[in-house]
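Participant: Residue-level listing of the chains:
Protein chains: 2
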Amino acid sequence: MVLSKSWLLAKHFEGFPKHSDFKLKEETLPPIKDGEVLIEAVYFSVDPYMRVIESKNNKFQVGEFVISSAGWTTHSISNGTGLHLLLPNWPEKIPKSLAVGALGLPGLTAYFGLLEICRPKAGETVLVNAAAGAVGSVVGQIAKIKGCKVVGCAGSDDKVAYLKEIGFDEAFNYKTAPSLEEALKKASPGGYDCYFDNVGGEFSSIALLQMKKYGRIAVCGAISLYNDASPQKGPYVQFPLVMNELCMEGFIVLRWQNRKEEGLKQLMTWILEGKLKYHEHITKGFENMPAAFMGMLKGENTGKAIITA
Amino acid sequence: MVLSKSWLLAKHFEGFPKHSDFKLKEETLPPIKDGEVLIEAVYFSVDPYMRVIESKNNKFQVGEFVISSAGWTTHSISNGTGLHLLLPNWPEKIPKSLAVGALGLPGLTAYFGLLEICRPKAGETVLVNAAAGAVGSVVGQIAKIKGCKVVGCAGSDDKVAYLKEIGFDEAFNYKTAPSLEEALKKASPGGYDCYFDNVGGEFSSIALLQMKKYGRIAVCGAISLYNDASPQKGPYVQFPLVMNELCMEGFIVLRWQNRKEEGLKQLMTWILEGKLKYHEHITKGFENMPAAFMGMLKGENTGKAIITA
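Protein sequences, first through last, are from chains L and Z. Sequence positions in the first sequence follow my numbering and run 1 to 309. Sequence positions in the second sequence follow my numbering and run 1001 to 1309.
Any given hint could turn out to be false.
From the structure, some residues in chain L lie toward chain Z, with a derived Cβ separation under 8 Å [claimed, not checked]: (1) 34; (2) 35; (3) 60; (4) 229; (5) 231; (6) 232; (7) 236; (8) 241; (9) 242; (10) 246; (11) 256; (12) 259.
Quick list of in silico lysine to any residue cross-link-like pairs, SDA-like style, CA-CA up to 20 Å [unchecked claim]: (13) L:212 <-> Z:1254; (14) L:233 <-> Z:1201; (15) L:213 <-> Z:1258; (16) Z:1233 <-> L:258; (17) L:25 <-> L:4; (18) Z:1213 <-> L:257; (19) L:233 <-> Z:1202; (20) L:213 <-> L:239; (21) L:175 <-> L:190; (22) L:265 <-> L:67; (23) Z:1213 <-> L:258; (24) Z:1233 <-> Z:1206; (25) L:275 <-> L:233; (26) L:212 <-> Z:1253; (27) L:277 <-> L:158; (28) Z:1233 <-> L:242; (29) L:233 <-> Z:1258; (30) Z:1233 <-> L:225.
These aren't lab readings, by the way, just hints derived from the structure by calculation. The beta carbon of each residue, even a glycine, is placed where N, CA and C say it ideally should be.
This is chain L alone, in the form it adopts within the complex (with noise of 0.2 Å):
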């Protein structure tokens, strides 16, 4: 009998999450049947990481590594579906849990995204923002090791500065930019050829202006618009659209599920080779997952934010 935790939601969130919107429950869980796995949670994301504690289905041995959506929960049985092995091999050097973060999703999403939807040439310009984020700093490492210029966007001093140490051409702090138009001009004046952009909103009117003929934009995400409580308004993107025959495409990263594999052993080799570094923002203790998350929000992590069991 294993006790496990759980957060649950106890509200859904009005605005920006709060403390009292989650709930932590406690729960005994029965014994594991034939064909189930008993988990217990490492590394949390959101998607949680975890490793086999007790397993009657032949496919996970005790004391292996998997990656479960298990849930923010410390302990769980899973029948095996929807649970992952890690890449094979994996080195002894590689923290685990690169595998929820540049060994996982947020890798896999950079690498598709920007390849795949921004098709970045060599010589190109792209542009990055929430660059220090878990899935902004393998873009524009990416598109270096492709051989473009790489301006990246983020909110602080010290990720404008860890920005540089990775390999960035130019990076600046949005907010204390004065204006974000002349910002992203000063960085390339020529103009944006591919545009990767995890923000939305106002950052992105603006950007779009910037945009080359025929640019390329990959919309992943709009963290900016997550926690209003009423939808924002922008201006309309039609006109630089046609204006410059612009490509705007959303995407989730699970269209390239069937290339998952080939993802990840390209983005290892690249760690393994030095060309891709990574970093993790880690938060000790279950019970912090919620500030965890809330801080996450906020743009408090430097790389992926990871939370320790």
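For chain L, the structure is supplied; the task is to place chain Z on it using the hints.
Facilitator: For chain Z alone, kept in the frame of chain L given last:
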């Protein structure tokens, strides 16, 4: 010596164009020099279509029909740059005015915009607005030729009747529909794979929410936004784009300049086969050109708006 009349822009439009924004000018043209041709306008469009009445350029013969961008002018002298001959072997029974309509830039805009940006597949559902216009009416018919279900919307009951007549599966009057959302849902309860957008603005914000997963939006124009003194705002597009992984691309027909002949030949073939029907909204008299222009912006025309000399 030839007297040429031209419509000039006396004053930049503020909001919707007014008759007093235009001014009629008369001038006597000088004799033509070697390499030049004197052309007389026969049909006018936004890009006027003309006939050579005197030539000292052996690429153009007297009496030949040409397409020119000389502006709103009855006679002009050209050294041949930017002057285009019609498709060779133009059939007697096909009006030459189609060279500025279904067999000109509007037709090519429909052809390449639909086929290259929307990329419709047989069995898919295509939405087009301003569907009774010069571009929209061709878009819908090409989509039918390609085996799609076609939904069109226009601004009068006569136009809706015209859309049914030329083969649209569903058509409605957006001005009298109590709810655009409901009208779009009723016309295609399963949503839309392709959306050819001539209108932009609020129409587009509502239509985006009716797109199917991986839907493609060709942004051709934004007639609902052209005449605003200050830019309108609407809901940000990032949510629907990411949610259904939509691809929204603006375009200008000149992108396919090198495939113009392919497009025109195909359009001509469809017209001769009776698969592509056309309608012209003809205004007589050069003096009525500003009125015809303003009427076009108000949607008074079904099919291409043409002014005859």
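Participant: Now look at each hint and say whether the structure bears it out.
Facilitator: Taking the hints in turn, this is what the structure says about them:
| no. | hint | result |
| --- | --- | --- |
| 1 | 34 | violated, 37 Å |
| 2 | 35 | violated, 33 Å |
| 3 | 60 | violated, 32 Å |
| 4 | 229 | violated, 14 Å |
| 5 | 231 | holds, 5 Å |
| 6 | 232 | holds, 6 Å |
| 7 | 236 | holds, 5 Å |
| 8 | 241 | holds, 3 Å |
| 9 | 242 | holds, 4 Å |
| 10 | 246 | holds, 6 Å |
| 11 | 256 | violated, 11 Å |
| 12 | 259 | violated, 15 Å |
| 13 | L:212 <-> Z:1254 | holds, 16 Å |
| 14 | L:233 <-> Z:1201 | holds, 12 Å |
| 15 | L:213 <-> Z:1258 | holds, 18 Å |
| 16 | Z:1233 <-> L:258 | violated, 39 Å |
| 17 | L:25 <-> L:4 | holds, 8 Å |
| 18 | Z:1213 <-> L:257 | holds, 16 Å |
| 19 | L:233 <-> Z:1202 | holds, 12 Å |
| 20 | L:213 <-> L:239 | holds, 13 Å |
| 21 | L:175 <-> L:190 | violated, 23 Å |
| 22 | L:265 <-> L:67 | holds, 17 Å |
| 23 | Z:1213 <-> L:258 | holds, 18 Å |
| 24 | Z:1233 <-> Z:1206 | holds, 14 Å |
| 25 | L:275 <-> L:233 | violated, 40 Å |
| 26 | L:212 <-> Z:1253 | holds, 17 Å |
| 27 | L:277 <-> L:158 | holds, 16 Å |
| 28 | Z:1233 <-> L:242 | holds, 17 Å |
| 29 | L:233 <-> Z:1258 | violated, 39 Å |
| 30 | Z:1233 <-> L:225 | holds, 16 Å |
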